[in-house]
Amino acid sequence: MLTSNANISKWVQTIKISWSQLTAYRVNFFLQVIGPSLVFFFIKYNLWSSIYSSQSGLIIQGYNFSQMIHYHAWSLVVSLIAGGYASHNLAEDIRMGRISSYLIYPFNFWEFHTASFISFQLLQTFISMITIAFIFSIGIFHNLSFMALIYGYLFCFLVSLMWFTLQYMTGILAFWLEETWILRVILQIMAAFLSGAILPLELYPSWLVKVLDFTPFPYLSYYPIKVFSGEISPFSGAPLIIIFWIVTFALINRFIWSRGMKLYTAAGM
Amino acid sequence: MNNLKHYLNVYGNFVSTSFSTAMSFRFNFILLIFMDIFFYFSSLATVSFIFDHVSAIGPWNKEQLMFFISFMLCVDHLHMTLISESFWVLSRDIKTGAMDFIILKPIHSIFSCFFRHIRTSSFCNTFVVWGCLIYYGREIELDTLSWVLLPFLVLLSFTLLALLEFIISTSMFWMTEGMGINFLRMQFQNLSRWPNFIYSSMSRRFFTMVIPVLLIGSAPVHFIIDHSKWHYLIYLVIAIVLSYIVLMYIWNRALNQYESASS
Chain R
1 MLTSNANISK WVQTIKISWS QLTAYRVNFF LQVIGPSLVF FFIKYNLWSS
51 IYSSQSGLII QGYNFSQMIH YHAWSLVVSL IAGGYASHNL AEDIRMGRIS
101 SYLIYPFNFW EFHTASFISF QLLQTFISMI TIAFIFSIGI FHNLSFMALI
151 YGYLFCFLVS LMWFTLQYMT GILAFWLEET WILRVILQIM AAFLSGAILP
201 LELYPSWLVK VLDFTPFPYL SYYPIKVFSG EISPFSGAPL IIIFWIVTFA
251 LINRFIWSRG MKLYTAAGM
Chain Z
1 MNNLKHYLNV YGNFVSTSFS TAMSFRFNFI LLIFMDIFFY FSSLATVSFI
51 FDHVSAIGPW NKEQLMFFIS FMLCVDHLHM TLISESFWVL SRDIKTGAMD
101 FIILKPIHSI FSCFFRHIRT SSFCNTFVVW GCLIYYGREI ELDTLSWVLL
151 PFLVLLSFTL LALLEFIIST SMFWMTEGMG INFLRMQFQN LSRWPNFIYS
201 SMSRRFFTMV IPVLLIGSAP VHFIIDHSKW HYLIYLVIAI VLSYIVLMYI
251 WNRALNQYES ASS
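Same order as they appear, the protein sequences are chains R and Z.
Note that this note's numbering gives residue 126 to position 126 of the first sequence, counting from 1, and the numbers run on in steps of one.
Note that this note's numbering gives residue 34 to position 34 of the second sequence, counting from 1, and the numbers run on in steps of one.
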């Protein structure tokens, strides 16, 4: 019982420390994490306004103007909750030899970074709630259902865990690579393009959508948006598929970690 | 003339050392090429997918907008190759005090700050972006004048983008953690990747007159597509001159503000 309490205390303390680190430079956090999502939404709003204003009553693959903006507003919320985490420190810890500390501490590497991730998620959840309230106040979310919000958040937490395991994977590849930011950027470009964050997947060629269904990408944006909108039930097969991807990535991460540790030279020690 | 020769000589050494560094990490070198190509592909494919469902965006049809995107990819490519790496190093140099050594060098500090690191892997993608630009240029049947002016217009656009980014980056001198400024800089770049007519009139005015990011691509491409819009080129040149003056003023203020963390 004592051991379990001590363990919970370590998690809580690490979450608190990460929270302090994240909020220490607030302008920096805003510019790095929230700003890009807001600008992305601003561009999409203007682009679709321009497209729909050229022809009244235009419907594109089942989306009228209001539905398209609705989709992209939820995309903004999803990007804040599920897609904001970046594994900056992970790779740096490995490259600079800082993981040596974790090897002797009673709180290991993945626990520390998972606690940091939870802290980041708590902050992002708070920010996303303010965002939803603001978007609701300007009339974009007219049919906001409480249950859809709850389901959407639960679904997004699952998606964020999948994103975390993916980011963790790119981070621990630092055992072999000098720079992992390139992999992270490739992953971000692929995720933005293939997840439905830029365009609803209905606008993509049907053959591509069929292929994408076998990848984790649509679950990063398209499905969470549809759950928030109440168009897809959270009790469909989607959560199971996400869990499948989380377990797969976690197993790969475990394998990479065990292989990487054999190569680790503790630089700077 | 001697001064120019000296700077070219220094720049040659910058390229040479950047190439040597890049060659030490060959896998990274290859990954960077793929990263750029995937970005180019996703930019073009996004527009193409939209045009599968609409016939025009604003006054432009698919080929015209694809030409605009290709033009911006050429500007982006120059940016990626010549200056993009330096911004990330600048925020670190200011924080750690390594900026001291840059100020002490007998060349202009702007030159050694922003032109020191060259991403040599991006040279390999030159044919990809210029291939796209030439392809869509042929699709919209550019006239001889446009073909002749095209490389100069890409250079002019790149100059404005670079000056604006230098100005934005200078704000790092006033911040404890300057990394976020790099993300702000990238957001302005994102705004410029779409033609000016998609924005509402108020934001269009703001991003043309106050922070002229919309002139980067829209001004030259409007002129190429319709030569009667030559006034756009005047705006572009004015924006470059004004940005240069602002940069010089802000840069001097920033150097006075610099506290040298290492000292």
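I should point out that these hints are in silico values taken from the structure, not numbers from a laboratory.
Treat the hints with caution; some may be incorrect.
Stated by the list, open to error - Here are the computed distance ranges between Cβ atoms for each label pair:
#1 R:Ser-101 / Z:Phe-38: 31 to 37 Å
#2 Z:Leu-255 / R:Ser-9: 46 to 52 Å
#3 R:Leu-122 / Z:Gly-97: 14 to 20 Å
Here a beta-carbon is modelled for each residue, glycine too, at the ideal position from N, C-alpha and C.
Verification of the hints:
1. Restraint check, R:Ser-101 to Z:Phe-38: a C-beta distance of roughly 36 Å satisfies the suggested window 31 to 37 Å.
2. The beta-carbon spacing between Z:Leu-255 and R:Ser-9, approximately 48 Å, falls within the hinted interval of 46 to 52 Å.
3. Distance hint check: the CB atoms of R:Leu-122 and Z:Gly-97 are about 34 Å apart, inconsistent with the given range 14 to 20 Å.
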